[in-house]
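Residue numbers (the numbering used here), protein chains in the order written: chain P, 1 to 356; chain R, 1 to 356; chain B, 1 to 356; chain L, 1 to 356.
Treat the hints with care, as some may be off.
What the hints assert, rightly or not - One-sided excerpt, in silico: chain P residues whose CB lies under 7 Å from chain R: (1) E130; (2) P160; (3) K167; (4) V222; (5) D224; (6) K225; (7) S236; (8) F249; (9) E257; (10) D261; (11) M265; (12) T299; (13) I309.
What the hints assert, rightly or not - Computed footprint of chain R on chain P; a stretch qualifies when at least three of its residues, placed anywhere within it, have a C-beta under 8 Å from a C-beta of chain R: (14) 103-114; (15) 343-355.
Calculated directly from the structure, the hints in this document are not laboratory data.
Every residue gets a Cβ at the ideal spot worked out from N, C-alpha and C, and that includes glycine.
4 protein chains.
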Amino acid sequence: MSGNSFGHLFQFTTFGESHGPAIGCVVDGTPPNIDLNENDIQIWLDKRRPGQSRHTTQRKEADKVRILSGVFEGITTGTPIGLLIENTDQRSKDYEDIKNLYRPGHADYTYDQKYGIRDYRGSGRASARETACRVAAGAIARKVLGDAIDVRGALVQMGPHKIDRNKWDWAEINNNPFWCPDADMAKEWGSYLDDIRKAGSSIGAVIEIVARGVPVGLGNPVYDKMDANIAKGLMSINAAKGVEIGVGFGAAELSGEENADEMRMLDGRPSFLSNNAGGILGGISTGQDIITRFVVKPTSSITTPRQTITTSGENAEVSTKGRHDPCVGIRGVPVGEAMIACVLADHLLLHKTQCR
Amino acid sequence: MSGNSFGHLFQFTTFGESHGPAIGCVVDGTPPNIDLNENDIQIWLDKRRPGQSRHTTQRKEADKVRILSGVFEGITTGTPIGLLIENTDQRSKDYEDIKNLYRPGHADYTYDQKYGIRDYRGSGRASARETACRVAAGAIARKVLGDAIDVRGALVQMGPHKIDRNKWDWAEINNNPFWCPDADMAKEWGSYLDDIRKAGSSIGAVIEIVARGVPVGLGNPVYDKMDANIAKGLMSINAAKGVEIGVGFGAAELSGEENADEMRMLDGRPSFLSNNAGGILGGISTGQDIITRFVVKPTSSITTPRQTITTSGENAEVSTKGRHDPCVGIRGVPVGEAMIACVLADHLLLHKTQCR
Amino acid sequence: MSGNSFGHLFQFTTFGESHGPAIGCVVDGTPPNIDLNENDIQIWLDKRRPGQSRHTTQRKEADKVRILSGVFEGITTGTPIGLLIENTDQRSKDYEDIKNLYRPGHADYTYDQKYGIRDYRGSGRASARETACRVAAGAIARKVLGDAIDVRGALVQMGPHKIDRNKWDWAEINNNPFWCPDADMAKEWGSYLDDIRKAGSSIGAVIEIVARGVPVGLGNPVYDKMDANIAKGLMSINAAKGVEIGVGFGAAELSGEENADEMRMLDGRPSFLSNNAGGILGGISTGQDIITRFVVKPTSSITTPRQTITTSGENAEVSTKGRHDPCVGIRGVPVGEAMIACVLADHLLLHKTQCR
Amino acid sequence: MSGNSFGHLFQFTTFGESHGPAIGCVVDGTPPNIDLNENDIQIWLDKRRPGQSRHTTQRKEADKVRILSGVFEGITTGTPIGLLIENTDQRSKDYEDIKNLYRPGHADYTYDQKYGIRDYRGSGRASARETACRVAAGAIARKVLGDAIDVRGALVQMGPHKIDRNKWDWAEINNNPFWCPDADMAKEWGSYLDDIRKAGSSIGAVIEIVARGVPVGLGNPVYDKMDANIAKGLMSINAAKGVEIGVGFGAAELSGEENADEMRMLDGRPSFLSNNAGGILGGISTGQDIITRFVVKPTSSITTPRQTITTSGENAEVSTKGRHDPCVGIRGVPVGEAMIACVLADHLLLHKTQCR
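Just chain P, same shape as in the assembly:
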């Protein structure tokens, strides 16, 4: 209710600040009798973990997760799963300089105004470090979804450079540090981002998440439509400024004839001839791929001095010295996947309450 829980039935609650002793997560609602061990979660955390290439922040966090409850002899028991990740590489002194400054584009000002107090070290609760908990919860969500449902993400745009969708190859995703499905574009991004990083600047990006194998019928209209909950989940990710489903904003320019996905029986099963809907109609999954995108703004932690004010209301300049991501969108890929997996798991459980 106060903003640190996500989901209805597959529900997780996170806590922890960037520079506190630990961050953690309680995942409630997991069905019993599912195989689960720490490695099942660790593999996804490793994907998000910073410091893996020159293109992400150089903070070195092991992000080692411990399961504290809810699993007995390697099997879920249906009781809440407590997860703990200790913070190990805090360099809080980096932040002393900005303790009394509001960094433009950050949540410094708004947290201070709302709460009247702020843990300024590493952005405290507003740090992208919190997303490790989302990824951990997402790993458990994948277990709930089972092998038949697959959630994958890709970076599809960095700055003005969009991938060529004709060159989309999921196999390329792991061959470059960007989760880019277009091998040629990955190369281009490499040098493009080097320049940005060296200039102490940053750049925005667009991430696409695709869920395959989702059965028809998931989603609770009219206020818990699957797309509504996806929008909430993705927009809650740090730096997100927009979300779209299927053809998304492109729908504005389509006619009814162009937009509506026609149906045919194919091999005795209902099929769609296109997927402008992105796999969701009336807030309920169609059985097609669920396709969604979100945009992530450039991090505001840049070395160029910017105008700002101090906490005591004086004009000032600020430039950020900490370790940051030139394109936070990259690490947004596993986070976006996790949120989609969690929304799907939640709707899978919600569906069973009313229907088979």
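The hints should help you fit chains R, B and L onto chain P, whose structure is shown.
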């Protein structure tokens, strides 16, 4: 929980099908001692009401709202406000033809697959008629927000035709049937939409909602960020396929320098030199205008025959004969306003629980 | 969230004041494809309806329920079920006298202090009239539970007069105006309550609800234990001051040996040799009868003058002239049954989310 | 939603099994700018901690709590407070014997039936060990309530032995190992419980919690009445079988004249001449002491062999060898206090959303 309630503290629950006896809404959490009468709600319902120009569906609904509870001698009492709107102009026979057909782009197929039963008359629960309840709830939300906070919407794109933002004039909004703030574009849209309507086709649109006067500090990070709840609220509107805040998807192409809104003290108060953030940082309002957009797909109710299947799994063709909107985006404007007002009211109440 | 909804998945929201135009209820979460018509609900409302014997309030309310949504051709569709009951026999003038007085034992003072405004007519929202909505929701809950689960209630104590449990005969319940399972005690109560009514007084009572056929495994420890939700549901009923499960307060005097219900295999199935637990262990149903009791205080609407204060803070006397129940416990029986049915339906749906 | 969270706005979520590595708690919704350190919580945990006298279980747990988040330089920040308590004195081998047996009166059978899997070591999630988390949350709730509100508990009945209410002296509470306010009765209990413990038996008890200083106006009728949430909170405590408010079950025997608490102006302020209501009318606090009681059954872990069945469905006998409480009611006192503090804190925050 099952999808028919929206909000946490300012919470409304709706019920009703397009062709049932009535639709209705229960608004819970309203503070006591606020002036409220039926006309306060009716004025907003009238704005959404169909059949007001040739550009919207010709269904004639009075949309007369009755307050059944929660108000005593013209003043809210803090108890739940029950609202009822009777359906008067159902023409269910229009829908007999499509009873056994899944209209492409509609929720027919997904409702049937999910629930195993479907009220096919006028799309039942999936009808845009449900949005009248949102508008009614939004009217009460405006009362909770008070006069200092103002929520206004405009249609900013129809098909490929975008307004000229330099010509934006809020005063124009009520001078044309599109809620268009650009007088020239309104004229263009008039003839453009005539053509579409006459062709039995439809077209998508983009709506922008601006909330002015929102105090700094509203929003509950990290999962109930104000933008996350806005995204959920707007994406839950019928036909919505995308939502963005501030610069939105444009953020992908911005550098950190360009994107971050710099701050200065102005007349002794913190001010921002730009508003790429759309009035929200870290999920908390900045005190600037909250600016958000959503895209609405073209209605799939078109007269051109489309390929589909029957409920018994045979290939078929369908064309829709009922009364429909050539551009549902138009009536989406008051609905979008209502959802933003409700999210704001909810966050206003949420804020008071922890702070001041 | 603001207190007018009950349940998690089988959730109902009520609205309405005693002397407003109508009261109503929205039931969300009902599975689709269940037969449901207005009569299915009416039969239970009729059981609660006032004015059926000289032992209850003489207010004459038809309590005619209308289903406004969620049912199509006699079958639930899975969408929210809107229910409306119009108020027809309000005699608000009866209450003019007490407009400025706080009746001892009523919620007059607390509503005024909380909200700063109060609909004093017939106690407004605090009226037992609201319980008609609970009974209506309970009728739908029974449909969700199906025929194999049976929820029945009985009055087991009125004033100092307790039934003889050895004479318990469910068949007697409908043979007297008290839902008393002990025919001899029913006669005694008849004359006892006549005296109380004639004296303009009132008396407390204890109600017992028994749910038979509940499968083993329902309940969500540790905070949504079935008994915790039962306690909440029953304690939320007007005038309730205590709730107990199974042996209840008697457990204080039992030893571990006496209290623990031993188990044996019986006809190849696990069985219990006693039911001190009242059918719930660790917050989860055991498969035995769920047995619960709640106590209802005497109504404070009595003709004897009592000391009180006025809304403007002066000492005064008050005696209540309206139509009231000498023993509200009687009409509490169908209300208690309804709340138990709703809790069970909720837990039935909750159970399916994690298990089977 | 799946049962491991309590409260609406002041909300805590717990995790952990009796013999897992740790138990923990996330407290969300705490207002910012409250002094809070680990010792503020530890003092209450120490009160509940086992092994402090011969009258409680001899398990030795340090119950050392760590604050992992939500506090910055000794002040709450408004972000979620993560709490961790490591388990140190598990003796899981004690439980090997009962791995395949259902102990009568325990949750063994119901957990197994519900989840199909059970952590049998020390009762897993069903262990009273979980209540340490409630006490920790309660300590933070007390901070939210502030010094003006005081929540205290006492054991008022053990077996058939009730305290003499005329001898009630709060100062005695800390002078005996029972939290008994009647010094004479405390002595009697001492020898009474020695006998029970030596016999390997156990006994039930009644606990009374009194909250002083609660302002008038807290509580959200009609389903989140303060008494309804108290009932839920107390009934969710391990072994609880009944809850009552004020005069409680005694209300059955009272007339309307006797029961209704009369009012007078006293020193210019509204006052009540009695408190049968237990400080709550219509679900809203009256400003008087909130008085509530709950009964706790005797623990079923006794050395006398009892009839039961095995997990594979054979008749068997069981006697429990682990370390247990002869009267769990004793340690129930701080747990009951904590739950009441949490309900009050929740309603304090809820109240501010609608009212001043």
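Here's how the hints hold up against the structure:
1. E130: Hint on P/E130: holds, closest Cβ of chain R at ~6 Å, below 7 Å.
2. P160: Because about 5 Å separates P/P160 from the closest Cβ in chain R, which is inside the 7 Å limit, the hint holds.
3. K167: 19 Å, violated
4. V222: At 6 Å from the nearest chain R Cβ, P/V222 passes the 7 Å test, so the hint holds.
5. D224: With Cβ-Cβ at 4 Å, under 7 Å, it holds.
6. K225: Where the cut-off is 7 Å and the nearest Cβ of chain R is about 5 Å from P/K225, the hint holds.
7. S236: Given a least distance of 4 Å, the restraint on P/S236 holds.
8. F249: 5 Å, holds
9. E257: Holds. Min distance 5 Å.
10. D261: With Cβ-Cβ at 6 Å, under 7 Å, it holds.
11. M265: Because about 5 Å separates P/M265 from the closest Cβ in chain R, which is inside the 7 Å limit, the hint holds.
12. T299: 6 Å, holds
13. I309: The hint holds - P/I309 has a Cβ within 7 Å of chain R, the shortest such distance being about 5 Å.
14. 103-114: holds (count 10)
15. 343-355: Since three or more residues must qualify, the claim that chain R covers the stretch 343-355 of chain P holds, with 5 doing so at under 8 Å.
Checked against the numbered hints above, the structure violates only hint 3.
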